[in-house]
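Student: Chain residues, written in single-letter form:
Protein chains: 2
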Amino acid sequence: MARIYNFSPGPSVLPAPVLEKAREDLRGWRSTGITVMEMSHRGKDFIGIAEKATADLRELLEIPQNYKVLFLAGGASAQFAAVPLNLLRGKTKVSYVSTGYWSEKAIAEARLFGEVQVSASGKESNFTTIPPRPQWNVDPDAAYLHYTANETIGGVEFQAAPEADGLPLVADMSSNILSRPVEVGRFGLIYASAQKNIGLPGLAVVIVREDLIGQALPGTPSTFDYRRQAAEGSMVNTPPTYSWYVAGLMVEWLKEQGGLKAIEARNIRKAEKLYAAIDALPFYSNPVDPAVRSRMNVPFHLADAALETPFLAEAKEAGLAYLEGHRSVGGLRASIYNAMPEEGVDALISFMREFERKRG
Amino acid sequence: MARIYNFSPGPSVLPAPVLEKAREDLRGWRSTGITVMEMSHRGKDFIGIAEKATADLRELLEIPQNYKVLFLAGGASAQFAAVPLNLLRGKTKVSYVSTGYWSEKAIAEARLFGEVQVSASGKESNFTTIPPRPQWNVDPDAAYLHYTANETIGGVEFQAAPEADGLPLVADMSSNILSRPVEVGRFGLIYASAQKNIGLPGLAVVIVREDLIGQALPGTPSTFDYRRQAAEGSMVNTPPTYSWYVAGLMVEWLKEQGGLKAIEARNIRKAEKLYAAIDALPFYSNPVDPAVRSRMNVPFHLADAALETPFLAEAKEAGLAYLEGHRSVGGLRASIYNAMPEEGVDALISFMREFERKRG
Chain A
1 MARIYNFSPG PSVLPAPVLE KAREDLRGWR STGITVMEMS HRGKDFIGIA
51 EKATADLREL LEIPQNYKVL FLAGGASAQF AAVPLNLLRG KTKVSYVSTG
101 YWSEKAIAEA RLFGEVQVSA SGKESNFTTI PPRPQWNVDP DAAYLHYTAN
151 ETIGGVEFQA APEADGLPLV ADMSSNILSR PVEVGRFGLI YASAQKNIGL
201 PGLAVVIVRE DLIGQALPGT PSTFDYRRQA AEGSMVNTPP TYSWYVAGLM
251 VEWLKEQGGL KAIEARNIRK AEKLYAAIDA LPFYSNPVDP AVRSRMNVPF
301 HLADAALETP FLAEAKEAGL AYLEGHRSVG GLRASIYNAM PEEGVDALIS
351 FMREFERKRG
Chain L
1 MARIYNFSPG PSVLPAPVLE KAREDLRGWR STGITVMEMS HRGKDFIGIA
51 EKATADLREL LEIPQNYKVL FLAGGASAQF AAVPLNLLRG KTKVSYVSTG
101 YWSEKAIAEA RLFGEVQVSA SGKESNFTTI PPRPQWNVDP DAAYLHYTAN
151 ETIGGVEFQA APEADGLPLV ADMSSNILSR PVEVGRFGLI YASAQKNIGL
201 PGLAVVIVRE DLIGQALPGT PSTFDYRRQA AEGSMVNTPP TYSWYVAGLM
251 VEWLKEQGGL KAIEARNIRK AEKLYAAIDA LPFYSNPVDP AVRSRMNVPF
301 HLADAALETP FLAEAKEAGL AYLEGHRSVG GLRASIYNAM PEEGVDALIS
351 FMREFERKRG
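Residue numbers (UniProt numbering), protein chains in the order written: chain A, 1 to 360; chain L, 1 to 360.
Honestly, I wouldn't trust all of these hints.
Each pair may be met inside one copy or between any two copies, as identical chains are not told apart.
[Said to hold, decoys possible] In silico BS3-like cross-links for lysine-lysine, where the CA-CA straight-line distance does not exceed 30 Å:
no., residue 1, residue 2
1, K68, K255
2, K44, K316
3, K44, K21
4, K52, K316
5, K44, K93
6, K123, K52
7, K105, K44
8, K316, K21
Keep in mind that the hints were calculated from the coordinates and are not lab data.
My request is simple: use the sequences and hints to build the entire structure.
Tutor: Structural data, given as structure tokens:
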């Protein structure tokens, strides 16, 4: 069947070679006579798959040796709870920066476990900007400073990790991990759900500096306990093996693309040309401060909102699908993760110009 | 490649037609132009897949209308925490029956959240029997009575749900759900990880009577909150969509097999002939009280333990794999879930007889 361009925010498009490999492996994995779906997580075949995925991820992100890498069931929402449960470490307060919908979710969940200081908020600008770092008020007694590296819905992205004033810096990188190089050593903890740049939903990757673990709050569910998961190779419970395998295919593909610098260059080209197309015509608009526009999620509006429905219908006809904005904000949105080919962005831009010509 | 017979305890063998359908769908799902792996959980295509899986499961298990069915990230180990977090409902005590390794795990986790009364334990018999129901001591003030319907490691299975003395009855059915009919109306809650009879790991199915939810303990992670998950169709967070889809293929396949009575008849035949083969030769032994032997997991020993290594090696040569016992107990084990064809059991029995003839 003809493949379309899938601009869904997650679960989202996967690279064609990854799908092809997964399909081929469903005939049976190597000479085992079974598929990866049927492998015991304790058997040497799966252990090999898991270790290679972990090693490739370490290599791509240049993760220092004093960081643990965990593959855990559930996505970022589960980590919204796991992070304070593990990282409060006897303190009572945590600091969060709010840059939109997902920051607010993380804050609400953290409030179940401790006092949350909101160090800065983009709310006044309706989350179209990020308050400059010098204006942040970070409590030195907080257990950590948390921010959302990319807001999938609002389309706001940090272009560099903020200064943490000596606190452990914690980042939700669900929607931009592996899209650019990151200096992991600046972080206490990085977490990301997998369904954008790492494959299938139901899996989160957690990268945590080892001195921060081991003091989980009483009442922390065992499967959420980073120390136990680190000690048992993410196998306190049966891990989501198939999603881990797909994560391995994703990082392998990324290495074949030339690694993070190469994928970043492509992501910059894709984003720049799409924003340029939006800015060039008053028919389209993106409200975000250009300095913090997301390379991954590009929300936009039509000057005449009544044209959104025909826009979506005609785009779908043209093989450009899932361009609806999030139900909380409306409008339109193009998610252009690593796996979205540059041709997909070019096709969207051509369609947008043509639609404006006919309807503008 | 030639498929082997995979006796792994979980993740475990899947039906060949399910694998074939999954493989075919990786070309693209129907006319969407994308695969199920790439579908937004909020889109109508995935919602259709999820609703059909849920409806098929309801039909197979004849789940009454006053029960919610949830598809949650994580497996049974996550539910070991979620069950007391949701079902304590202002009480302080819970009652658990211990029948082996997995009961003990569930008990240890429940102790993080409340006082656990062990109503009965098979420990004195080294977990080869289940204490008769009249000997159980069930506290009438307990929030619920929990038991493990099938012990995957010890090979002990309840042949009927126990009387609960008016308490909500809670069962971990991870390794025998969908292997036989169950009278759901007798239970307060049934949970099961998916990686035996429902497909891929990283997913748990929870079936809960609706009057029991809505009183989760303070500090319950949102993704563990049954009320919220029930209200939002298991989408408080992005669910493990691909595992949910495979669960749908599994229940569809089960319906094609004739439903639970038909699969039960096949499971009885498979188990009876395998136990008969073990009992017929002093060379093999199974320690479990015949009244509570598991139809799903058949542990066995060789009279001469030194022969286990050659047994495993020669079995593998003969296309019979993953027969190692659990690392906590050693010995051998054949897991014969729904997806293990009767021919696989026949092949194992032939091999066992032949091995005994040569080495006995």
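Student: Give a verdict on every hint.
Tutor: Going through the hints against the structure:
For the identical chains of this complex, K68 and K255 are intra-copy neighbours only, at 21 Å inside a copy versus 44 Å across copies, given an alpha-carbon limit of 30 Å. In this assembly of identical chains, K44 and K316 lie within 30 Å of each other by CA distance solely across copies; the values are 14 Å between and 45 Å within a copy. With identical chains, the CA atoms of K44 and K21 are at most 30 Å apart both within one copy (20 Å) and between copies (27 Å). For the identical chains of this complex, K52 and K316 are inter-copy neighbours only, at 25 Å across copies versus 38 Å inside a copy, given an alpha-carbon limit of 30 Å.
In the homo-oligomer, the alpha carbons of K44 and K93 never lie at most 30 Å apart, since the shortest distance is 43 Å inside one protomer and 41 Å across protomers. In this assembly of identical chains, the alpha carbons of K123 and K52 never lie at most 30 Å apart, being 42 Å within a copy and 40 Å across copies at closest. With identical chains, the CA atoms of K105 and K44 are at most 30 Å apart between copies only, with a shortest distance of 25 Å across copies and 39 Å within one. Taking identical chains as interchangeable, the C-alpha atoms of K316 and K21 lie at most 30 Å apart whether they share a chain (27 Å) or sit on different chains (26 Å).
Violation of the numbered hints given earlier is confined to hints 5, 6; the remaining hints are satisfied by the structure.
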